[in-house]
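Participant: Using the sequences plus the hints, can you model the full thing?
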Amino acid sequence: MTSKHVEQLDRVVIRFAGDSGDGMQLTGDRFTAESATLGNDLATFPDYPAEIRAPAGTIAGVSAFQVAISDHEISTPGDTPNVLVAMNPAGLKANMAVMERGSTLIVNVDAFDDRALAKAGYASNPLTDGALNHFTVYEVPMTSITQEACKEAGVKPRDAERSKNFFALGLVSWLYTRPTESTLAWIHAKFGGKPQVEDANTRAFRAGYDFGETAELFDARYEVRPSTFEAGDYVNVSGNTALSWGLIAAGQLSGLEIFLGSYPITPASDILHELSKRKEFGVRTFQAEDEIAGIGTAIGAAYGGSLGVTTTSGPGLALKGEALGLAVSLELPLVVVDIQRGGPSTGLPTKTEQADLLQAMYGRHGEAPLPIVAAQSPSDCFDAAIEASRIAIKYRTPVILLSDGYLGNGTEPWRLPDISTLAPIEPNFATEPNHTKDDGTQVFWPYLRDEETLARPWAPPGLAGLEHRIGGLEKADGSGNVSYDLANHEKMVHLRAAKIAGIAKDIAPLEVDDETGDAELLVIGWGSTYGSIAAGVQRTRARGGKVAQAHLRHVNPFPANLGEVLHRYKAVLVPEMNMGQLSKMIRAEYLVDAKAFTKVQGSPFRAVEMEAAIAEMLGAL
Amino acid sequence: MTTVEIPLTTRKDWSSDQEVKWCPGCGDYSILAAVQMLMPDLGVRRENTVFVSGIGCAARFPYYMNTYGMHSIHGRAAAIATGLATTRPDLDVWVVGGDGDSLSIGGNHLIHALRRNVNLHILMFNNQIYGLTKGQYSPTSEEGKITKSTPFGSLDHPFNPVSLAIGAEATFVARTHDMDRAHMQETFRRAHAHKGTSFVEVYQNCNVFNDAAFEGITAKDNRAEMLIDLKHGEPILFGVDGHRGVSQRADGSLEIVEVAEVGLDAILRHDEHREDPALAFAISRLSSGPTMPTPVGVFRDVQRQEYGEAMTTQVEHAKAQKAPDLAKLLRSSGFWTVD
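Residue numbers (my numbering), protein chains in the order written: chain A, 3 to 623; chain L, 75 to 413.
These are calculated hints, taken from the structure and not from any lab test. Please note: incorrect hints may appear among the correct ones.
Below, simulated DSS-like cross-link-like pairs (lysine-lysine); rule was C-alpha separation at most 30 Å, straight line [what the hints assert, rightly or not]: (1) A/Lys439 x L/Lys86; (2) L/Lys269 x L/Lys305; (3) A/Lys281 x L/Lys396; (4) L/Lys393 x A/Lys281; (5) A/Lys281 x L/Lys402; (6) L/Lys269 x A/Lys439; (7) A/Lys281 x L/Lys269; (8) L/Lys269 x L/Lys393; (9) A/Lys493 x L/Lys95; (10) A/Lys192 x A/Lys158; (11) L/Lys269 x A/Lys279; (12) A/Lys396 x L/Lys269; (13) L/Lys393 x A/Lys192; (14) L/Lys393 x A/Lys279; (15) L/Lys86 x A/Lys279; (16) L/Lys402 x A/Lys192; (17) A/Lys192 x L/Lys222; (18) L/Lys95 x L/Lys222; (19) L/Lys393 x A/Lys396; (20) L/Lys396 x A/Lys196; (21) L/Lys402 x A/Lys196; (22) L/Lys396 x A/Lys279; (23) A/Lys493 x A/Lys548; (24) A/Lys121 x A/Lys95; (25) A/Lys493 x A/Lys396.
Facilitator: In structure tokens, the structure reads:
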């Protein structure tokens, strides 16, 4: 049936934008799923407002979803969209700043009436006033065709209007030669219980697809061929889902039941949602009365022998600070997940940022060190969650796992691991008394440490002879009894610090990607900047520039070879979505003149920005 | 059914080797003794018993019990104990705290534990003062109280902890006091036997910062006329020879009457098991402080789904429906294969 000419593209970036109620996230998700089944590499960036439904038609209410699809490996959802699908004037206006001249705009022309234009802040209609002269504009009456298509099914125009996102999806699916079966099946599965809605959405989707085919608007269709992937099973996964599954995997690998104590907070709540569905793995989820109860219940569960987990975002981590100090003092395994968002205070709840690093490092009173693990891509959240759990269990310590809104909501194809190859985690519960008193009686000392790891024994209630009391007061080294002895306090402070520092011996050395081996500039990052840094480095190399890249999985303690790596390079650049927190830590620890490259605009670095920052550093060498 | 032998123990077995460090004369000593002496009678094992506390004088309690225990942070004991009790239904979890710890900084966790009905035995020592911080007024201090932080008198209206607990629909609510070991032990025994959250307010004397706060009702000579000892199924009588009683007015409110004037039939019979908490609440309102006849004993003891058991049921049900399969989970939302 396809009569129009098909052009090959190696990569395309599409951004869907409309009102918060227009279903843009769903449209983007479906397009992504279609592309995943086609075998494209892809990366997504959902970008939505904090309000559930900001006033309709306003810039504040614009919800967008960006997806990059490619026939080769990609690491970011793209700097600038090749195509913007705008469901209304606000969706157009809010995104024009990122659109480059010559790119394509597909607009729902039905939505461009005077009222909507005024709401979006347009003095005149950009479709007619020449403002879009440098763009390829397709004006499509999405609302009216959708209504027309649904009329036969007896759907009222007002209700049919809600299906216009499926029209847009159908049209873009046609334009990029996506398969339609999976979306039709999905509509049936999702709306099968409401036949009229299913019918309307199906008709709208088909109408969009057919419109592309029959209207004399589009000269050509495009094809993005499958990327080459290693053999294996793949899923398109978001960071929050991968992180949830990583926690479940850690439970399976350790034989521990998972207890999640959590208070809903954007953008972390999806982990609570996902884990609450997985009770067959022995996962217990508890929606707490507040953030403090979230971590409090997790500490209680950890004392009882579960893998205690609490999930939150920056404001919640602040509330958990005191209880985290208790967990440091109690030396119990605990995983604290922070899906970072823009701050301070309520800040930008739905936008990404990496500004909680120093809070994670130092946000407790007293000397209270704890390990910090950072995930670098959506699928990497799985491994990062297992690693955080491993360290927590082995070293009897709270671990903070840092992700962020970009990783949490963003998706990418993930080659599923062979779970039989995942290393088991041994909880090594205490089983018997470990100390003989002067009078010969056998007793249990809860703070008698393992000589190698400095971890204390973990003895959940239930075993006779191991009864013991722990608490937040300083404890005597060994016996764990309350001790106000000042020399003992200093010893305990040092022991707790040494235990965490010693984890450096138990983590992989930092690997450096230095293609030619003679680069003089090292770009080092942590967390979600990985994809942007990789893209910037690739661009630099493509132009003949020499640059090395390294990325930290462990932010505390640092890998043992980090100092040596840093000193190997003449210059060090640290891109971060904060005001330079890692660079501060590196400078303090290694006396290296690491330069921060920072951005706090609620969205990831663009590859061109990264390339420019690298070029500037290279130019100054 | 197999019978599990519980080894015979004495108070000594339940006492830790740590020196008790409350002020001499503190009411906490008698509560500790009552608990340590009661434990051998409860038919429980030390290794399955956990005392969890927050911060405050009362919160040192776990250090003195030879059981498992945690002395945590201010106000959070109920939350921590909730995590423990919901994951370890096999344990006997006690929570000990003072009025500041439980009702001020920890008020939120307390009411949520009560409404959830987690299997916890909460003992709240009420001395109407902040002791460990040396004498500021507490959320149960009377209005106008002169303390270090209220030299012109406290402006705060106090909580009635029993009213608060009943208002939160706690399934077991009781009150006792540190001057009567037998009454404490009977109340604690009942709290222990209850399935779900049991809340016991213990009037406790702080002889350093708020001495004799309860003397007007708890001193031996005053008890008969000032303590209304609630007994399930019996008319609510008190005073020497039961000459006074509690009667319900036509509008449903309660009043204290002379039995001789109204007759025994007009005296309200106490029913701990009433589902509707309104009458128990009304009983709790008979006294707004330890200067007037004050009900003690069990106000309310009703059955409701226990939280940890319900959670375990959900988990067990899910396990019975579906075997845990990680490889399957990773493929649960659709996958594709590259050859």
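Participant: The structure should be examined with respect to each hint, and the outcome stated for every one.
Facilitator: Hint-by-hint comparison with the structure:
1. A distance of roughly 19 Å separates the Cα atoms of A/Lys439 and L/Lys86; the hinted pair therefore holds under the 30 Å criterion.
2. For the suggested pair L/Lys269 and L/Lys305, the alpha carbons sit about 20 Å apart, so the restraint of at most 30 Å is met.
3. This hinted pair checks out: A/Lys281 and L/Lys396 have alpha carbons roughly 9 Å apart, not beyond 30 Å.
4. The suggested pairing of L/Lys393 with A/Lys281 holds, with an alpha-carbon distance near 7 Å, which does not exceed 30 Å.
5. A C-alpha spacing of about 14 Å is found between A/Lys281 and L/Lys402, which places the hinted pair at or below 30 Å, so the restraint holds.
6. Restraint check for L/Lys269 and A/Lys439: the C-alpha separation of about 39 Å exceeds 30 Å, so the hint is violated.
7. With a CA separation close to 24 Å, the supplied pair A/Lys281 and L/Lys269 stays within the 30 Å bound.
8. The suggested pairing of L/Lys269 with L/Lys393 holds, with an alpha-carbon distance near 25 Å, which does not exceed 30 Å.
9. A threshold of 30 Å between alpha carbons decides the hint, and for A/Lys493 with L/Lys95 the separation of about 25 Å falls inside it, so the pair holds.
10. With a C-alpha separation of about 21 Å, the suggested pair A/Lys192 and A/Lys158 falls inside the 30 Å cut-off, and the hint holds.
11. Among the hinted pairs, L/Lys269 with A/Lys279 is consistent with the structure: their alpha-carbon atoms are about 27 Å apart, no more than 30 Å.
12. A C-alpha spacing of about 36 Å is found between A/Lys396 and L/Lys269, which places the hinted pair above 30 Å, so the restraint is violated.
13. This hinted pair checks out: L/Lys393 and A/Lys192 have alpha carbons roughly 26 Å apart, not beyond 30 Å.
14. Note on L/Lys393 and A/Lys279: the hinted pairing holds, with a Cα-Cα distance of about 12 Å set against a maximum of 30 Å.
15. Note on L/Lys86 and A/Lys279: the hinted pairing is violated, with a Cα-Cα distance of about 47 Å set against a maximum of 30 Å.
16. Using a Cα cut-off of 30 Å, the hinted pair L/Lys402 and A/Lys192 holds, with the two alpha carbons roughly 21 Å apart.
17. Pair hint A/Lys192 plus L/Lys222 does not hold up; C-alpha atoms about 64 Å apart against a cutoff of 30 Å.
18. The suggested pairing of L/Lys95 with L/Lys222 holds, with an alpha-carbon distance near 24 Å, which does not exceed 30 Å.
19. About 28 Å separates the Cα atoms of L/Lys393 and A/Lys396, which keeps this hinted pair within 30 Å; it holds.
20. A C-alpha spacing of about 28 Å is found between L/Lys396 and A/Lys196, which places the hinted pair at or below 30 Å, so the restraint holds.
21. Distance check on the hinted pair: L/Lys402 and A/Lys196 sit about 29 Å apart at the alpha-carbon level, within 30 Å; holds.
22. Proposed proximity of L/Lys396 and A/Lys279 is supported: the alpha carbons are some 12 Å apart, at most 30 Å.
23. With a CA separation close to 47 Å, the supplied pair A/Lys493 and A/Lys548 exceeds the 30 Å bound.
24. At roughly 11 Å between alpha-carbon atoms, A/Lys121 and A/Lys95 fall within 30 Å of each other, so this suggested pair holds.
25. With a CA separation close to 22 Å, the supplied pair A/Lys493 and A/Lys396 stays within the 30 Å bound.
The earlier numbered hints that this structure contradicts are 6, 12, 15, 17, 23.
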